[in-house]
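Assembly of the complex is requested from the two constituent chains, each provided in isolation within its own frame, with the hints serving as guidance.
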Amino acid sequence: MALFDVSGYKSHAGLRGQILGTGVGHLIDRPNQEFAVPVGVDPSGFLKSCSREGGVSTDLNHGTTTLAFKFRHGVIVAVDSRASAGSYIASKEANKVIEINPYLLGTMSGSAADCQYWERLLAKECRLYKLRNKQRISVSAASKLLCNMMLGYRGMGLSMGSMIIGWDNKGPGLYYVDDNATRLSGHMFSTGCGSSYAYGVVDSGYREDMTVEEAYELGRRGITHATHRDAYSGGVVNLYHMQEDGWIKVCKEDVSELIHRYRKGMF
Amino acid sequence: TMFATQVYGDSGKMKEYHYTGPVEHRFSPYSFNGGTVLAVAGEDFAIVASDTRLSEGYSIHSRDSPKCYKLTDTTVIGCSGFHGDCLTLTKIIDARLKMYKHSNNKCMTSGAIAAMLSTILYGRRFFPYYVYNIIGGLDEEGKGAVYSFDPVGSYQRDTYKAGGSASAMLQPLLDNQIGFKNMEGVQHLPLSQEKAVQLVKDVFISAAERDVYTGDALKICIVTKDGIKEETVPLRKD
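Residue numbers (the numbering used here), protein chains in the order written: chain W, 1330 to 1596; chain Y, 70 to 307.
Pulled out of the complex, with its shape left as it was, chain Y reads as follows (with noise of 0.2 Å):
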């Protein structure tokens, strides 16, 4: 219905449909592609999923459109927002991976591409990136590392992370199940990599349930240090 894009605009305020005076239009640079990306850190892996809908106001783009970007051996990101804008970073970032390893004969880690990341979006403090970006992968020490970010480059490390338009939904899902909140009596198991697979594929079926813009296929992306293993899981597709 009409109302779904109440949630992006004015909350609390009734749009107005007897107003039939004129109404200025501007050309806005931005566009909202839908999508959700999600990262889970393990002791010794990351995963990194998002779904492969690609969406416009009603329409849908393409069904096969996946939002998470392999950049090194130990790091996959995942973008979601503005496609246009998300194309551009992922080419930016390749760039610079390059332009590290040609000065300095290594590849770069997971924290330092993500502090990396963080500069270059506030290079466009004033005209920003609309991508909100996770990055997930392995730090020096072998152990699962996942980065957020918003979209002017503020960024810290946690253990799991939703972004992108279901992140609301998904987010209290996972405080629940990999944080343990909101539960009294529960052993704190540490996450195994089977277990958080299929509970990334659960959570994201739901999300395909309730979310518009989530949905046709699920792609993840396992890191581990054996490299990067991907496998793609159909969601509904209406």
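Only chain W is shown next, with the shape it has when bound in the complex (with noise of 0.2 Å):
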């Protein structure tokens, strides 16, 4: 099948002797493609035992809120922009919302290194996809694909929590994919450290026949809200609409100045 064949799927044990059994290096995943793997060690320990030796930090730029929810006018796709390093925060403008075609779109969370490679790689296929079947990828196919290269990968220390959202055949469409391989079809998603306090926030406000401009008004509260409480989240909040023509960018709003406009109503 054209998208099996396509996702790159190889067999989780065999990955896995690769690794640890024969004591080779190189861990072969896509036929251009090799990562270079520890010999002898557990990958996912691997990073975090070298952190405490002789003056050595490899803290990996981390740490988000993003937001998503179905309604009657399409999707809303909302994320905040900070990126830290331990408890440096490397990044105030970080991109965690990657474009990858007028129809698709991918949130980031979790390891901003992670998320960007395997989005990109993800946008790839999708192109591809689109030029061996002369027809759009469909959501479900796309959050698929990345669902398995997650697959090939699980237990060797990957971060990544993502939202796909489209609009294909069979209207909007809002996955959640992770790094365990979890891939979730819903009406609303938040990820990241800030999540909970985005849920609560889209849980009190959301219905389902909200206008435009309260749904608008709806993920930038929930970002806002999230990047106030949690210390990893921060930045501005860039707010996405996933319309039946395509997406269209809403607006980046720095999220002091929307807290200062919140807080009038509080204390």
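Note that these hints are calculated values from the structure, not bench results.
Cβ atoms here follow ideal geometry from the backbone N, Cα and C, with glycine treated the same way.
One or more hints might be untrue.
[As the list claims (entries may be wrong)] These stretches of chain Y come out as covered by chain W in the derived footprint (C-beta under 8 Å, 3 or more residues): (1) 131-138; (2) 182-195.
[Stated by the list, open to error] If you want the ones that stay clear, here's a sample from chain W, every Cβ over 10 Å from chain Y, calculated: (3) F1375; (4) F1400; (5) A1414; (6) E1422; (7) R1461; (8) N1462; (9) K1499; (10) K1593.
Printed below as a string of structure tokens:
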């Protein structure tokens, strides 16, 4: 099947044997991409063990809040923009939404490098699908491709929680995919360390028949309140709206200004 | 003092100085060689600057080991962290640049080098290059571009970025002086090349005052459409 070949899926047991059994230091996934692996050591624990010795600190860019929800007029996607490396804020304007094509968006949370790499690879596979099959890939298939990529490296310490949002023949689509290869379709998701705060806000304000402006405001509020309470989220809110004829970028607003606006009603 | 190493270890947990039992040590493939790198993008120029001190633990290996490497006529990369990985990484980038030039009959643009470096770094996701990279150069339109990376390849385009041991000290200063953050009633003037070079010198002088791994000398590479100009400025040697 075209999808099976394209996904490059290899049996999990075969990969494990290559890493831990033979002592060969390479992990082969796609024919032209090899991952170097430390010989004889469990990869997921290796980085952590190095972090303590001789002043070496390999903290990687991490942490976030992202949310997305379906409503009558499409799907709203809102993300923050803080990238932290340990307790240092590596970037205040990180881009956590990847624009795969005019009808597909992917959000990123967890390890920045993992998300960027695998979602860019997903964008490449979606483009190849379109060239081979002369029609755009469905949201369901795109999320499944990403999920199978994660399955190949399960247990090796990848960290990625992402949402795939799109509009295809079946209407608006929203899938949650994470590094355990969990793949869920749903009406509302929030990921990252600030997700609990965002869920609270969006759950309490959500109505299926909201107007477009009310939905934008709900998305903004969800991220703003999460950044207010979560140390690892902050920066600006990037808001996207997935409509029938593609996505539009709605706004990019600083959370400190937004929280002052909202506070007028508090205390 | 001994507390200097606390910054990189378990923060918030005091080392137990009265512990006298056996401690297991394993060979670590990494070591921290210090150094700070900085890049600033202007309207039609880019500056990449680094100090030239190479240290390890309490020793200084060299006072003349700059961390800027010229890649093409329009791109310079600054690498700090583990010197062994810096050298290997720059060799790999040079080889890939040559391969691209021979296959495509043109030089790689700054944006293309950045995207390629991201995949090179991610290829070692499970055994990373312990290097903090910052690329500075001109984009296809001739405007200044800065790309900053983490050790496993996540990257983005910035206007200015500091990396390496004194990055946490320099970045807020740059946010204030170039980004005009935390200032009110100040005119947002675009940065001229002369002001940018002076700012870079001042900022490194401050870093050398307070960071033990930064000092000795400062090497500045200024990238414009006329090529790459280099300048060396002495810093504190203590």
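Here is what the structure says about each hint:
1. 131-138: violated (count 0)
2. 182-195: Answer holds; 8 residues pass the 8 Å Cβ test.
3. F1375: About 7 Å separates W/F1375 from the closest Cβ of chain Y, which leaves it inside 10 Å; violated.
4. F1400: 31 Å, holds
5. A1414: 6 Å, violated
6. E1422: At roughly 8 Å from the nearest Cβ of chain Y, W/E1422 sits no farther out than 10 Å, so the non-interface label is violated.
7. R1461: 23 Å, holds
8. N1462: 26 Å, holds
9. K1499: It holds; W/K1499 is separated from chain Y by about 33 Å at its closest Cβ, greater than 10 Å.
10. K1593: 21 Å, holds
Against the hints set out earlier in the document, violations occur for numbers 1, 3, 5, 6.
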